Amino acid sequence: MQTTVNAPRPGGSVWTDPKVRAWLFQILAVIAVVALGWFLFDNTQTNLEKRGIISGFSFLNNSAGFGIAQHLIDYNESHSYGRVFFVGLLNTLLVSVIGIVLATLLGFILGVARLSPNWLISKLATIYIETFRNIPPLLQIFFWYFAVMLSLPGPRQSMGIADSFFLNSRGLYMPSPIPSENFAPFFGAIVVAVIGIVLLSRWSKKRFEATGKFFPISLGAIPLLIVLPGLAVLLTGNPLQWSIPELSGFNFRGGWVLIPELMALTLALTIYTAAFIAENVRSGIMAVSHGQTEAARSLGLPAGKTLRLVIIPQALRVIIPPLTSQYLNLAKNSSLAAGIGYPDMVSLFAGTVLNQTGQAIEVIAITMSVYLAISISISMLMNWYNKRIALIER
Amino acid sequence: MKMVKSTLAMLTTAAVLGVSGFAQAGATLDAVQKKGFVQCGISDGLPGFSYADEKGNYLGLDVDVCRAVAAAVFGDATKVKYSPLTAKERFTALQSGEVDILSRNTTWTSSRDAALGLNFTGTNYYDGQGFLVNKKLGVSSAKELDGATVCIQAGTTTELNLSDYFRANGLKYTPITYDTSDESAKSVEAGRCDVLTSDQSQLYAQRIKLANPDEYVVLPEVISKEPLGPVVRQGDEEWFDIVRWSLFAMVNAEELGVDSKNVEEQAKSTKNPDVARLLGAEGEFGKDLKLPKDWAVQIVKQVGNYGESFERNVGAGSELKIERGLNALWNKGGLQYAPPVR
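If you're matching them up, the sequences are chains A and B in order. Going by numbering that gives the first Met the number 0, the residue at position 91 of the first sequence is 90; the numbering climbs one at a time, nothing skipped. Going by numbering that gives the first Met the number 0, the residue at position 28 of the second sequence is 27; the numbering climbs one at a time, nothing skipped.
Certain hints may be false.
To spell it out: a stretch of chain B is covered by chain A in this simulated footprint if at least three of its residues, at any positions, have a beta carbon under 8 Å from a beta carbon of chain A; those stretches are [said to hold, decoys possible]:
{"hint": "1", "region": "78-92"}
{"hint": "2", "region": "155-161"}
{"hint": "3", "region": "164-177"}
{"hint": "4", "region": "184-194"}
{"hint": "5", "region": "232-246"}
DSSO-like, lysine-lysine: derived pairs with alpha carbons at most 27 Å apart [claimed, not checked]:
{"hint": "6", "chain 1": "B", "residue 1": "Lys33", "chain 2": "A", "residue 2": "Lys49"}
{"hint": "7", "chain 1": "A", "residue 1": "Lys49", "chain 2": "B", "residue 2": "Lys34"}
{"hint": "8", "chain 1": "B", "residue 1": "Lys270", "chain 2": "B", "residue 2": "Lys300"}
Since the hints were made in silico from the structure, they are not lab data. Values in this document were obtained by computation on a predicted structure and should not be read as measured data. Don't be surprised by glycine CBs; every beta carbon is placed ideally from N, CA and C.
Chain B on its own, in the form it takes in the complex:
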């Protein structure tokens, strides 16, 4: 099934690239407004980032980016349709116009930014690659993994980092490459591999899906920089700005102390000019982005600020219990930093 799907995606690319028009500034926003929803490419099931709950609603940190964009454009965060994509399918789906945004824990790299006709709009999660092993192996550091069999997901930067790391440390390994993260996790459980490698956030997410999560540990080494963020097609700067500033609005809101509970009140009565500009009480910043005046109010009201989204999906309020770490605000020791609205 996976094969059929990815082949279809590829054929669609060929067909769409071949016959249809192409991205022009403003084309995506027009198309999105005409069809009435944002088509968003997400992961095929990654707790905390994008997954469906028992009612079939999609939740997660990556999903929140899509919802924020919908809230900004339509004033309604539910006007999103989701396309779950494997790592292999994701870029073709975006290039071919099948999705408007790709928000699928995708690492920002130079070749992806420059050679694929894509643009990264920002970083919604600073991650790094790590290793998950069974406690029974008695391994406490990645340096002890000489000769190990390693499970990976195909078509990811992790595949390349893994070989870089083992080569740099003079270690040998056998890679077993699967299409989906579920398959690779299943394989580790079955003992086909000694190690599962992926971005650390994913390892924590996959660990809670295993039958006995307590038998597995994530090793301390982080072997790469993985800035994960939403991606759009190159050539439509207007849409690029909308996606980028929807994310910035969430980060700015957290920094300014605006959250989903106090946002309406703040929009009316704030004395802080920064907050007033963000929430549209002062100036015409929404108009510059071709968005309604209250775009940021809708984002924060319906989706929450970045901190709320983080806590709810991957942080203390979730099963994953990931620390803020690099993803804390810049003034709290982290890297999350958004340019000001003015």
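So that you can see chain A by itself, here it is in the shape it has in the complex:
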């Protein structure tokens, strides 16, 4: 049947051949798309030139000349706009990564809590989820920033803990470690301890599978982590010095500071996204048939182990795909930083740099590609993980 339909009918021209026509229309469609793209590009170029707007990417090498509140890489005013781009990118990634980690932890706890047989816990989780899921993220960011962070006392009245942690409207100041010359052996001892723990856990897993005897890893891990670095300190002396924040002039100096913009943004995004993740977790757990729980219990597994070893691994297969889109949402929502002056990609690069240079098209194109790249990377990573934990059908 198939061959007779596709074969050219005797006497019909080449135009009536469905194969030829299918190809023809596809080629025409491609030409139309390319032509439209070329027209837009060419027209933009021509008009930019006619209006005397200089285009191109050479502005990235010019010196920026403005300061930035938070930079993870070395930066000062004489650095280039290109460097500002990386400062902004890293600030965006910082918020995204911290947000994703915290939102995942909080989301899992809340999702499980909402299914808890304990009435109070499950109702509290429900209230949390329904509240924060249904308030727009920008409002939550404004709330945490203007209502919470900025109403903290000023630097001279800051709340201090142990004279080394200070919380005020300028941020959370904390001591920062400065490695001394004794740092190398100390660090080496930690590395050895970590390797030891990995080996130990492998051994205990093997033994468990071979003999069924369970060895609590923490019994070996904690002493390893304390004893080895402790020995290093005893032998060589103090590995770290602490730079403690001190009030001098207008602000605290020394130590590390978490700026309130970062705290407000991370808090708001974490709390908002965790509510969604909790719902994903709940749906994943509920998708695992109740028979699995009953079977696990009848084998004598306690409730905690049932959840950890039977339910969660199966639930993850349902949880991962929607979890990926929550991660994407969080990364993209981080651009709301512009509302509170956190120097992220959008406020720094698509904001200040765009305005100082006037290169709107280039800057927006770069910024959009960056978000695309971040989102696709998260997607690919999560798809890989999803494949790894997928049910292997035999």
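Once you've looked at the hints, dock chain B against the given chain A.
For chain B alone, kept in the frame of chain A given last:
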């Protein structure tokens, strides 16, 4: 919301630059006459320069430039529509043709004039950057600001001047950059910053918006030259001339003693040839600009001369009480100077 708006403005630029035609001499005037109003980009709320009163009418020194152009073109100063823009949005809005004039306390600099496809038509306010601090800090000079946290508005020349000044004096600072001037002012009040920096005129304007204006002082240092003026798109000289001469007409009127009260009488009976040329009683100077004969009469009658506009919006007659200073006429010790009409 701000983000959405500015992104929209940027996308519009891309779209407009991509698809529509472009500025030709005369195109803007034709388009303005066809639609029947001037679309004017102003600031998003700056007392004295552009702000809405309780009835929703826009007022201010920058708004008066737009009204003067409308008076010159249509003989009716109310034929203006306003687009409040943030500092970040303003140039894209003008480049894309969303507004015909940008009159938004914008500093005239070489790169803005040359690289952005824009032209500055003049200076309607000579300003300089200053600092606003809380009196409690006990600071009396900007040189004492080492280590301070400074609030600024994003995308402004102040951002660059600030870093120049602190670098030149070997001082350290932390900048906190907001999208709107309201946010940065709110932040200073909340104590997030020690200092608010901006053009001095803006500092005075923002101070009266604070809850306790008396707790704040503007430091004496002026760290930059900020000639603020209206901007138009490059490539349409006719429109450029109209905007430029609408401003010059206001300055010339003040110099010649013509104000909104005596302008009609002067137009009829003046003996001074300078006044007669300005007000169209002698010569065809309006026609050269493609404007009606009585263009300057309409400007002065409906908007006032430069001095009147200054006093009403930012000077003694306003809450801001800013002195004329650099903005006095050239023959009274200031910098306001307009070429003659002849």
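Quick rundown of the hints versus the structure:
| no. | hint | in the structure |
| --- | --- | --- |
| 1 | 78-92 | holds (count 4) |
| 2 | 155-161 | holds (count 4) |
| 3 | 164-177 | holds (count 8) |
| 4 | 184-194 | holds (count 6) |
| 5 | 232-246 | holds (count 3) |
| 6 | B:Lys33 - A:Lys49 | holds, 24 Å |
| 7 | A:Lys49 - B:Lys34 | holds, 25 Å |
| 8 | B:Lys270 - B:Lys300 | holds, 19 Å |
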